[in-house]
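K.L.:
First residue of the sequence shown: 1, per the numbering used here; consecutive thereafter.
It should be emphasised that the hints constitute simulated quantities derived from the structure, not laboratory data.
Take these hints with a grain of salt, some might be off.
Claimed, not checked - Below, simulated DSSO-like cross-link-like pairs (lysine-lysine); rule was C-alpha separation at most 27 Å, straight line:
hint : residue 1 : residue 2
1    : LYS161    : LYS38
2    : LYS77     : LYS305
3    : LYS161    : LYS77
4    : LYS38     : LYS122
5    : LYS77     : LYS38
6    : LYS77     : LYS60
7    : LYS301    : LYS193
8    : LYS193    : LYS305
9    : LYS60     : LYS161
10   : LYS60     : LYS38
11   : LYS193    : LYS161
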Amino acid sequence: MKLQQAGLSDKAVDRHRLEAGTLRADEASPIAQPHAGKRAFLSVIRSRADIGINGCLLGKTVIGRNSTCDFPLHDLKVSGHHASITPSGDGEYILEDLNSTNGTRVDGSPVNGPRALRDGDKIFVGETVIRFSLADDLDVDFHSQVATLVGVDLLTDLPSKRRFDEALEFALQDSIQRGTSFAVLMMDMDGVKQINDTHGHIYGAYVIGETGRLIARVLRSRGQASRFGGDEFSVFLPDHDLDAACDVAEQIRFAVESAGFELNGIRLSPTISIGASSYPDVARDPLSLITTADAALYRAKARGKNCVMT
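Go ahead and model the full structure; you've got the sequences and the hints to work with.
P.N.:
Here it is as structure tokens:
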């Protein structure tokens with residue numbers, strides 16, 4: 001009974017009683033068979049920043065705020081390494097809390113020890129709710145498509161503006177807690193209207209999409225970018241002061257200027273103007289960071305475009 005209260009399955013209790021010699025044959029639970037054609041699957045169903053994020057469990061999966069976790073979350077009330085789910089090898093998946101600050105619950109019940117998950121269980125960590133399910137290929141494909149529609153800008157393959165805005169707020173609060181710098185870039189492409197007027201909007205859309213992918217390649221893991229709207233982009237850079245942010249901005253500006261985009265044999269040469277702002281030197285909240293970076297962008301435009309300003 002103690003093992004049952006700790007969250008172990010009937011089958012695990014049966015194994016314990018069998019080893020202890022207290023289990024009769026007519027009491028044993030049926031042997032569960034692996035779930036044919038289905039995979040263990042996690043999907044975020046309530047969150048400020050991660051709604052729709054999902055993935056199949058491939059071995060032991062650690063859930064937490066740390067970016068190195070197998071299932072990372074943007075939730076300040078989630079511990080760095082908050083909980084783990086481990087396949088038992090016999091078709092079960094065991095959830096454990098990893099001594100988290102705010103605890104782990106399943107459908108309202110605290111997880112105080114190893115607990116076997118059931119299809120449809122809701123895992124509560126911080127302000128995030130994750131659904132555990134046994135999904136077939138059609139389910140997995142559906143959730144992947146929903147996550148793409150919610151979280152990805154299809155023109156550029158960058159995170160959607162909604163996903164970006166929520167991630168920016170989380171990342172800034174994390175920087176404030178750690179006492180580190182944080183920067184925002186606002187960018188506006190130069191020459192897209194001329195490309196549209198000369199060659200057509202398909203060509204303008206092409207250079208916008210390629211520029212978004214180019215920005216992501218320049219950033220690598222240093223920050224996150226999004227299409228703010230039209231041919232405008234925004235970037236946030238944790239652990240970057242204003243000077244460091246301007247260095248990144250110049251790398252982006254130079255990469256766009258040098259790219260030499262080409263479509264259907266037509267060479268397209270847009271440039272990009274960039275404004276930078278930072279915490280705590282210039283602004284102290286997400287809206288102020290974006291507003292001051294946007295003002296710097298207007299100064300870059302007024303100066304002649306294709307430059308970086310603060």
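K.L.:
Any of the earlier hints contradicted here, and which numbers?
P.N.:
Violated hints: 1, 2, 5, 9; rest satisfied.
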